[in-house]
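J.: Residue strings, one per chain:
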Amino acid sequence: AQSVTQPDIHITVSEGASLELRCNYSYGATPYLFWYVQSPGQGLQLLLKYFSGDTLVQGIKGFEAEFKRSQSSFNLRKPSVHWSDAAEYFCAVGAGGNEKLTFGTGTRLTIIP
Amino acid sequence: DSGVTQTPKHLITATGQRVTLRCSPRSGDLSVYWYQQSLDQGLQFLIQYYNGEERAKGNILERFSAQQFPDLHSELNLSSLELGDSALYFCASSEQGSYGYTFGSGTRLTVV
Numbered sequence: 001a002q003s004v005t006q007p008d009i010h011i012t013v014s015e016g017a018s019l020e021l022r023c024n025y026s027y028g029a030t031p032y033l034f035w036y037v038q039s040p041g042q043g044l045q046l047l048l049k050y051f052s053g054d055t056l057v058q059g060i061k062g063f064e065a066e067f068k069r070s071q072s073s074f075n076l077r078k079p080s081v082h083w084s085d086a087a088e089y090f091c092a093v094g095a096g097g098n099e100k101l102t103f104g105t106g107t108r109l110t111i112i113p
Numbered sequence: 001d002s003g004v005t006q007t008p009k010h011l012i013t014a015t016g017q018r019v020t021l022r023c024s025p026r027s028g029d030l031s032v033y034w035y036q037q038s039l040d041q042g043l044q045f046l047i048q049y050y051n052g053e054e055r056a057k058g059n060i061l062e063r064f065s066a067q068q069f070p071d072l073h074s075e076l077n078l079s080s081l082e083l084g085d086s087a088l089y090f091c092a093s094s095e096q097g098s099y100g101y102t103f104g105s106g107t108r109l110t111v112v
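If you read the sequences in order, they're chains A and B.
Take the first sequence: its letters are residues 1 to 113, numbered as in my numbering.
Take the second sequence: its letters are residues 1 to 112, numbered as in my numbering.
Treat the hints as calculated values from the structure; they're not laboratory data.
Honestly, I wouldn't trust all of these hints.
Unchecked claim - Across the chosen pairs, the derived CB separations fall in these ranges:
(1) A:THR55 with B:SER80: 43 to 49 Å
(2) A:GLN71 with B:VAL112: 41 to 47 Å
(3) A:SER80 with B:PHE69: 43 to 49 Å
Unchecked claim - Below, a sample of chain A positions facing chain B; criterion: calculated Cβ distance under 10 Å:
(4) TYR25
(5) TYR27
(6) GLN45
(7) THR102
Stated by the list, open to error - Covered, in the sense of this in silico footprint (three residues per stretch, anywhere, with C-beta under 8 Å from a C-beta of chain B), are these stretches of chain A:
(8) 46-54
(9) 103-112
Note that the Cβ used here is the ideal one computed from N, Cα and C, for glycine as well.
Please model the complete structure; the sequences and the hints are all you need to start from.
T.: Have a look at this one:
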């Protein structure tokens, strides 16, 4: 069965500092990996996705993620965070196509001035 | 606006009652997924429909049911509601061969 672990429940970062959110997955075949962001009271918005090719993928809002098969990880990074990045971030894994996604428990990001 | 429309946005109802949540997918998307988001369970996959047919089932209670209509909108029916059913219910859709969903803004259900 597929699963996703986001080990950090809550992270606090100063505005302008770099950010890395961790995601580890368990999946029997080649995974399709996603990062979503959820602002309070909103739905989830797709930040980026990986399913093949270059292991470093670029997303919206200046985010990037790196797929490391040997570590079963797909960590999300941003070189300099903005106050508007405060939100909940979810990592997800799936089989691709129109298959369902399995989500991690999320990491809540707080930005301090 | 993501293009996925969910109604109503908020719903307050009493225990034992039945409610229907509605979802209109993005134009052209054939797949609809329902998720439940609660503080203790996180995002739980409930059920998926593809072009009117049930495609996959997750942790959906027997008291819950769903369907997708010929115009591709979907409804999630929740019956004999309990306090623990209070949660955010999200609908998402995806196009044929796509990778990743587009989510609606959710329906917040409060059972009192």
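J.: Indicate, hint by hint, whether the structure satisfies it.
T.: Verification of the supplied hints:
no.: 1; hint: A:THR55 with B:SER80: 43 to 49 Å; in the structure: holds (48 Å)
no.: 2; hint: A:GLN71 with B:VAL112: 41 to 47 Å; in the structure: holds (46 Å)
no.: 3; hint: A:SER80 with B:PHE69: 43 to 49 Å; in the structure: holds (46 Å)
no.: 4; hint: TYR25; in the structure: violated (15 Å)
no.: 5; hint: TYR27; in the structure: violated (14 Å)
no.: 6; hint: GLN45; in the structure: holds (7 Å)
no.: 7; hint: THR102; in the structure: holds (7 Å)
no.: 8; hint: 46-54; in the structure: holds (count 3)
no.: 9; hint: 103-112; in the structure: holds (count 4)
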